[in-house]
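Q: Whole structure, please, built from the sequences with the hints as guidance.
Protein sequence lines correspond, in order, to chains D and R. Using numbering that gives the first Met the number 0, the first residue of the first sequence is number 0, and each one after it goes up by one. Using numbering that gives the first Met the number 0, the first residue of the second sequence is number 0, and each one after it goes up by one.
None of these hints come from the bench; they were simulated from the model. Do not rely on the hints blindly, as some may be mistaken.
All copies of an identical chain are treated as equivalent in the list; a pair is satisfied when it fits inside any one copy or across any two copies.
Claimed, not checked - With a straight-line Cα cutoff of 35 Å, these simulated DSBU-like cross-link-like pairs (lysine-lysine) come out:
(1) K45 with K114
(2) K186 with K45
(3) K114 with K186
(4) K45 with K1
(5) K140 with K114
(6) K186 with K140
(7) K140 with K45
Number of protein chains: 2
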Amino acid sequence: MKIAILGGGGFLGRRVADRLAATGTLGGRMITGMTLFDIAAPPAPKAGFPIDSLCGDIAELPEAAIPTGTDVVFHLAAVVSAAAEADYDLGRRVNMRGTDAVIDACRRLVAAGGKPPRVVFTSSIASFSGGQSATLDDSAKQVPANSYGAQKAAAELFLADATRRGFMDAVSLRLPTIIVRPGRPNKAASSFFSGIVREPLLGLPAELPVPDDFKVWVGSPNSAVAWLIHAAAMDTAPMGLDRSLNLPGLAVTVGQILGAMDQVQQGASALVARRPDPAIADIVGGWPASFTAARALALGFRPNEGLVDVVRAFVADDLEPTRRDRGMS
Amino acid sequence: MKIAILGGGGFLGRRVADRLAATGTLGGRMITGMTLFDIAAPPAPKAGFPIDSLCGDIAELPEAAIPTGTDVVFHLAAVVSAAAEADYDLGRRVNMRGTDAVIDACRRLVAAGGKPPRVVFTSSIASFSGGQSATLDDSAKQVPANSYGAQKAAAELFLADATRRGFMDAVSLRLPTIIVRPGRPNKAASSFFSGIVREPLLGLPAELPVPDDFKVWVGSPNSAVAWLIHAAAMDTAPMGLDRSLNLPGLAVTVGQILGAMDQVQQGASALVARRPDPAIADIVGGWPASFTAARALALGFRPNEGLVDVVRAFVADDLEPTRRDRGMS
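A: In structure tokens:
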């Protein structure tokens, strides 16, 4: 089977590519080729099958990014929340025109006699509002409070419609806030959820802009990759018209995240300074803090591992690479 | 105040233009100018203020269609359900690129120092699924079963986001199936809901493709115009992030529609032939047949008049013009 990863140079795209390169199979079928596409040509992992790496603008997606015979498309390319909020036109171009281009590429494959490819799309809980007290079930409607969330919710509608029309076979995954992200602190309002773990484990101070009892819906990088791969191979027939899923993440408080870190490295949370920031609290406080995700569980998506395991996985997989990337060792 | 009507040549656009021309005011304020825009230049009604009539492609909306100083935009231009289903690209172009163009036009007005214009958008109950047994409340999520509905739901998201960003002040109205439409039978799956009243009252036979106990959510042309005008002048502050409304239509059966017609013209329903059509029943059977519309009622939208009044209004306002248009008198 042939795979295409759009956004193949990003945080999750690289991990999915690495995982598929390592296993050589997806859903029990041999992988025979992979195409990686991003704004800069993504690094190709070592694999037992050929990997093409391409760069370009997703809104002007080249045909080679989803070549004839592609079975599975991971559509992970996006302008994320802070950037889509800062630049409306850029968000619309990448998040909407990019999704239109993916639909058109799949239509061309089908028009040429191919099977509708499975498309796994990363949507986000930022497409919901509701706030700290909300526990949303699978019937909850999306009322986005940011342009990124509005664009993701609209893309879900277009992908579901393209599925109904036979252009593709889409599954949209509304990812939780992912912790622990490697790399550096960034301007995303949610950056601190990873920062309060990553920075202290690097021996660096971190700032916490919300109270310790602040609730957040999280998922780990390992779970995100596992969910994406499950979505690529699962039976979609039970989904019907609704091709979008809330995932079985973890409803936790910031205090519980810090507690898990201290279990892995005693005293690490002493490096976390409480610096209340109403602007950040206002943004992240609008996101729902809990989901039931019954539908995803019934479709075989595995619940996220516990917080201590999330921190341990970061230490095992990402701490040294992050240290290296940041010139700390 | 200045008004722009996009889709000003359509069934509802012409009625809104006529009504505003006749009253000369909107929400208690004097109308000082109106612009009508459609694919062909709409006829301008007689009015006590200047009316410009323009034609063009909504996806390439000319600046003159929403001129500087516009206070209210009625965005009624659309490719409707059957056409959007038959031609995916056309539906995407008109329903999505057209809505983007409306957003960009409003952004330009605001960037030039203007007030965000009120934008009244016609969405549709075709953005929902659920079927005959569904009674949807205001928290129901949209799971469209057709491209038109997906495009309308996505446009709602973009207009709500544009509102949050300060580009406009949008209200999206999810119109029920409108009966009684004047004119001729057409290929829309819902055409028969009007046809079973209009045709017999013209003395012509009509076909009924569903059982008499088939349920449908309807609104009249008069209520639709009243809802659009109320949405143009109402206080939107209580709406918050969710700028879309289900409207207080009528949950009726086809048998009740025929009964109302017979009350207005005895024996008219004898011209209705039962011709079960599973293809049509399948499409219209997917639409929800009832809504609670509590939010719209709380915001001052008036409930639809009863079925007998709906039929009487058709006879009073539309029967002779329809007869004339069809060369029957």
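Q: Broken hints, numbered, in rising order?
A: 7
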